[in-house]
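Model the placement of chain B on the given structure of chain A, informed by the hints.
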Amino acid sequence: MDPQPNPGRQRYLTQEAFASFLLWLSSDPGQAAREYLDMRQTLIKFFVRKGCAHAEELTDRTLDRVVLIVHGEPKKYSNPMSLCYGVARKIWLEYRRETMPETFEGDNFPAPTKPEDDFTEHDIKCLEHCLDQLSLRDRELITQYHQFQGRQKIETRKRLAQIYGGLNKLRITAYRIRARLHDCISSCAQRSALN
Amino acid sequence: MESRAVNDAIIRDYLLGRLNSDLELVERIDEETFKGPELSTNIDIIEDEIIEEYLEGSLDSEDTRAVERHFLRPPERQRKLKTARLFRRYFEAEVPKQPAPARLLFRAFRIGQVLLSFRTCAEIAASVMFIISTLVLWNQLRELDIAIKQMNQQLGQERERLAVANRQLQNALHSFQPAIAMLNLVRPGRQRGDMEIPEVKVNPGTKTLHVELALSSGTPRKYRVELRHAEGTVWSRDDVDVTAVSGGAILRVDIPAEVLPQGRCELALMASGEEPISYLFSVSKLQSALDPAPSRLSEPALSPSY
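Protein chains in written order, with our numbering: chain A, 1 to 195; chain B, 196 to 501.
In case anyone wonders, no lab produced these hints; they're calculated from the structure.
Computed from a prediction, not measured in an experiment: that's the story for all the values here.
Backbone N, C-alpha and C define an ideal beta-carbon position, used for all residues, glycine too.
Among the hints, a few may not be true.
Computed cross-link-like contacts, DSBU-like style, restricted to lysine-lysine with a CA-CA straight-line distance of at most 30 angstroms [said to hold, decoys possible]:
(1) B:417 / B:396
(2) B:230 / A:169
(3) B:480 / A:125
(4) B:277 / A:158
Heads up, incomplete: computed chain B residues facing chain A, CB under 7 angstroms, no partners named [said to hold, decoys possible]:
(5) 226
(6) 278
(7) 409
Here chain A stands alone, though its shape is the one from the complex (with noise of 0.2 angstroms):
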């Protein structure tokens, strides 16, 4: 696999080779889309995990990459999350290289800050909605899931695994809720944002 684009071709991303890219991906444009957010949102949280500070930059400068590379020879590579792989992690090194003598080492790193009431009534209202969005089932579940802390927790946790067919199914039940939950709260965030 080679993650740099080829010399000899083009490059910068143009319209037309985001178009063949995405030919590339599905014949079908709704499918191509979709597997090109889902790749988006993989890469994404590749670069979170390495605990990055520019993740949606570096995403972009993968998929710029990726897009022209497969402009450039369509037939070469057949899997686009393995393609993305590796030329994520070949941004990824070269963004350490860039930063990190700077900002990565030492004790002086300054911790975010830690406000304990940084958010408004109307972010209330955006969770109370987004809650109402839920199944009733749903809603009862994260409710409890996160309502205790301590002992009384550990006993809610584990009085629900024993509804929810086991400790790692609640996990995983209550994860999926939290994160509707918190799409669903950044866009109400967002569209207020830009009312």
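What follows is chain B alone, placed relative to chain A:
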């Protein structure tokens, strides 16, 4: 180099930036997250749990430092932290409003969906069992009641049939009983002394009592015959002829059975110019042995004893 299994502890170290010395393992985890959602989901879950523990303050100082210096560096995770803090504040604020079980039960019954705990399931199961047992018992009592009613009905029908059969038997018996009872009176009452008086038994089927009286005088004449009882004359007939026989005469008279009183009777013969002659006898009226006893017919019906 031996391949280490990727468990929750390794993922935790991976997320806290502690695996950087083991590049091969890091690359294996990275590559795996591109192949399928399983590992990626597990990593996301542990990521959420780290955030939760960080907010709770249950992380040790080393983990807390790793979270603040490495884990929370991406803005995406800071947004997650903010959302988690929002959950925490919102859900904890919900607790004091009502005791959780009561509130949840209220919601569950309101909507018709219940998140059932084992205890609740057991209680509901016990209640259902109790209701079913009560219904079964009630049904058995109802069936018993119906059976007793049917038996009473059958018993009533049997009694009616028995009564009809009794009546038919009575009639048949009457038809077989002689319609005429016979009584021979040889000595007049005055001549009997202490001798027992004759007794005639009258059945319900008896229509007539045929009496033959022996007379010492063979002179033909007409007699008035009177049947007397304690209350007086109950029946009489005039101009009854006698039939002469050797040594006397015989008077024959038929008395309707319905006039015969129960007990001691006197049959008096009177002829003009002669002293009346009395013959004593007793009448015994027999009841049919097949007549049903009234008390049996009026027996109370069976009734359930519960």
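Against the structure, the hints come out as follows:
Proposed proximity of residue 417 of chain B and residue 396 of chain B is supported: the alpha carbons are some 28 angstroms apart, at most 30 angstroms. The straight-line distance between the Cα atoms of residue 230 of chain B and residue 169 of chain A is roughly 21 angstroms, inside the 30 angstroms bound, and the hint therefore holds. In summary, the hint linking residue 480 of chain B to residue 125 of chain A is not supported, as the alpha carbons are separated by about 110 angstroms, beyond the 30 angstroms threshold. Restraint check for residue 277 of chain B and residue 158 of chain A: the C-alpha separation of about 26 angstroms stays at or below 30 angstroms, so the hint holds.
Taking 7 angstroms as the C-beta cut-off, the interface hint given for residue 226 of chain B holds, the closest approach to chain A being about 6 angstroms. For the restraint placing residue 278 of chain B at the interface with chain A, the shortest Cβ-Cβ distance is roughly 5 angstroms, inside the 7 angstroms limit, so the hint holds. Given the 7 angstroms rule on beta carbons, the hint for residue 409 of chain B is violated: about 116 angstroms separates it from the nearest Cβ of chain A.
The structure does not agree with the numbered hints 3, 7 stated previously, though it agrees with the rest.
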